[in-house]
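Let chain A serve as the given structure and place chain B on it in line with the hints.
Chains as they are written, first to last, in numbering that gives the first Met the number 0: chain A, 0 to 144; chain B, 0 to 395.
Mixed in with the good hints, there may be bad ones.
As the list claims (entries may be wrong) - Result set (DMTMM-like, lysine to aspartate or glutamate): computed pairs, CA atoms no more than 25 angstroms apart in a straight line: (1) A/Lys75 to B/Asp295; (2) A/Lys75 to B/Asp298; (3) B/Lys177 to B/Asp156.
What the hints assert, rightly or not - So, partial list: chain B residues that the calculated Cβ filter (under 7 angstroms) puts toward chain A: (4) Ile249; (5) Asp251; (6) Asn254; (7) Arg296; (8) Ser335; (9) Asn336; (10) Ile351; (11) Ala354; (12) Cys376.
Stated by the list, open to error - Which chain B residues face chain A? A few, computed with CB under 7 angstroms, are given here: (13) Asp169; (14) Pro292; (15) Leu332; (16) Gly367.
No lab work stands behind these hints, which were simulated from the structure alone. Since we're looking at a predicted model, the values are computed, not measured. Where is the CB? At the ideal position from N, CA and C, for every residue including glycine.
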Amino acid sequence: MPERFFKGIRATALAAAAGIALALAVAGADDARAEYGDVVINNFSDAAGMRPVVFPHWFHRIRFRCKVCHADLGFKFQAGGNQINMVKIIDGEFCGACHNGEIAWSVENCNLCHSAKPGTPTQVHESTVQRLVAPGGVQPAPARK
Amino acid sequence: MRTRIALIAALAAGLASGGAYAADGKTVFGSTCVACHGSGIAGAPKLGDAAAWGPRIKTGIPALYNSALNGKAAMPARGGNPSLSDADVKAAVDYMVGSVAGGVRQQGAAAPAKPAEVRPAEKKSAPATAADGRSVYHGTCSGCHTDGKEGSPVLGDRTFWIPRIKAGKDALYASANKGKGKMPPRGGNNALSEADLKAAVDYMVLQAIQSSQTAAAVPAPAAPAAEANTFNRLLRAAGKRNLPPADDGIHDAANDGTHLLQPPAQAFTVFPKSTAGNGVNWVESLSQKKIAPRYDRKDPAAAPVVMDLNIVREVKGSMPDVVYPHKQHTEWLDCSNCHPAIFIPQKGANQISMASIILGQKCGVCHGKVAFPVSECRLCHSKKKETAVSQAGTGK
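Chain A on its own, in the form it takes in the complex (with noise of 0.2 angstroms):
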């Protein structure tokens, strides 16, 4: 019965999608204050039942220049663009080639990554893209009658 019932709901919901969506981004950007150029990767965390990945660029260009990422490890410059999975990782791909515990810490510690809100969206947090829809990164006071 529950089950039934979010369904429908879920369809309502998806009638009304492009202004829902907008009111989710905004309303989503309200209370989220995360650092400028951190990335949440959610390409299969959610389906997998693990909380999504939360990647800290702060944190890693004051250890490693963007070449050693971008240019020897291969990692496009795309949110979500580089279809990672554990399998690559432990196979000493993508993050793989520095959390391996020889560099940084291992994968072991799964919870340190995967620290996002489950459900949060793949995207770059406080991108332009992200900030035009809602300035300063605060809900826009709602329109008034």
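Chain B only, in chain A's frame:
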């Protein structure tokens, strides 16, 4: 299938840290909450009932978590199941909220009729002093004071509040502290400190005063004057930058790993400041050797191949021409990062516009995502146009 995923996830999380990760709010709901929230007995908001959940969701998710964890009215703490972890309870709340999220927004769009005096105050971020009181109010007091349950005075109801404010706030503090009539001491939440309580009273008093100022107005605009004319209304307040991961709105505070992550402010204290992005001037941080990022994954001694070549791009309109410095870019990047996929290495071969940059192409692949954003116009548009100046001179 679902339970198997949940099991695996729980197992993995357990192996990693021993922390409890509630994989599935639905499961928790089904095991505990459904007793009341499935059918809506004892005044419990029913799963999927947008009308019942709407006002509750408006008070904020933290307030809902708080009610679920500590109980509220007929609702026992943790839904009467003390074996549930905090994360379990929160996941169940998320699930129930999720069941109506779409519907509530629709309902709000269709019927925006709500008492005008409560609305602007709820929607807008209050000034710093009132912020605490507001969250205490929504965490505890709103259970009764929003709709006048048990004869409690409604927030913003001036006929009740104004005479009592005139009698002095100390009396109000005392009633809130010790209880009065059906009001339990501290609103029934013993976790509240004296200061919390006073802040909440102050918040309610403020709402009453403000509503009396705007009561004459038609049920329309007129946000409380104190809030409407603040500086930098849409800008982020200074205290809201570089927050620790648990408070940043992206990280899940219920995740134990979140609390092990470094708060950015701690790392940034020694870096040169900037007004945009993280608030850090990364190029300066590098040139002043405040940071020593590796150029090679393993070899700390590897040095970048720096190319010192400025490219001047003449731009249309009145903006100064753009000077593109290869030097600062090759400190961080490899040639192959930009050439040839993003920029054809040939003068005049690249069409670049601010529109494409804002949409994340060309310079916007990095600038506006992780390198300084487009708000810093003059960092790129830095070469004064000689022609523009001389033309202006001859024109007079």
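Against the structure, the hints:
Between A/Lys75 and B/Asp295 the CA atoms are separated by roughly 18 angstroms; this keeps the pair inside 25 angstroms, and the hint holds. A hinted pair counts as satisfied when its Cα atoms are at most 25 angstroms apart, and A/Lys75 with B/Asp298 qualifies at roughly 23 angstroms. Between B/Lys177 and B/Asp156, the direct Cα distance comes to roughly 22 angstroms. Compliance with the 25 angstroms bound is thereby established for this hinted pair. Using the Cβ-Cβ criterion of 7 angstroms, the hint placing B/Ile249 at the interface with chain A is satisfied: the shortest such distance is roughly 4 angstroms.
Because the smallest distance between the Cβ of B/Asp251 and any Cβ of chain A comes to about 4 angstroms, under 7 angstroms, the interface hint for this residue holds. Evaluation of the B/Asn254 hint against chain A yields a held restraint, the C-beta minimum of about 5 angstroms falling below 7 angstroms. Because the smallest distance between the Cβ of B/Arg296 and any Cβ of chain A comes to about 5 angstroms, under 7 angstroms, the interface hint for this residue holds. A hinted interface residue such as B/Ser335 counts as satisfied when its beta carbon comes closer than 7 angstroms to some beta carbon of chain A; here the least separation is about 5 angstroms, so the hint holds.
Taken as an interface hint, B/Asn336 checks out: its beta carbon lies about 5 angstroms from the nearest beta carbon of chain A, inside 7 angstroms. Checking B/Ile351 against chain A by beta carbon gives a least distance of about 15 angstroms; that is not within 7 angstroms, so the hint is violated. The beta carbon of B/Ala354 comes no nearer than 11 angstroms to any beta carbon in chain A, farther than 7 angstroms, and the hint placing it at the interface is violated. Taken as an interface hint, B/Cys376 does not check out: its beta carbon lies about 13 angstroms from the nearest beta carbon of chain A, beyond 7 angstroms.
Because the beta carbon of B/Asp169 sits about 35 angstroms from the nearest beta carbon in chain A, more than 7 angstroms, this interface hint is broken. The beta carbon of B/Pro292 is positioned within 7 angstroms of a beta carbon in chain A (closest approach about 5 angstroms), and the interface hint is therefore held. Interface hint status for B/Leu332: upheld, as the beta-carbon distance to the closest one in chain A is roughly 5 angstroms, under 7 angstroms. At its closest, the beta carbon of B/Gly367 sits 3 angstroms from a beta carbon of chain A; the interface hint therefore holds under the 7 angstroms criterion.
In terms of the numbered hints stated before, the structure departs from hints 10, 11, 12, 13, listed from lowest to highest.
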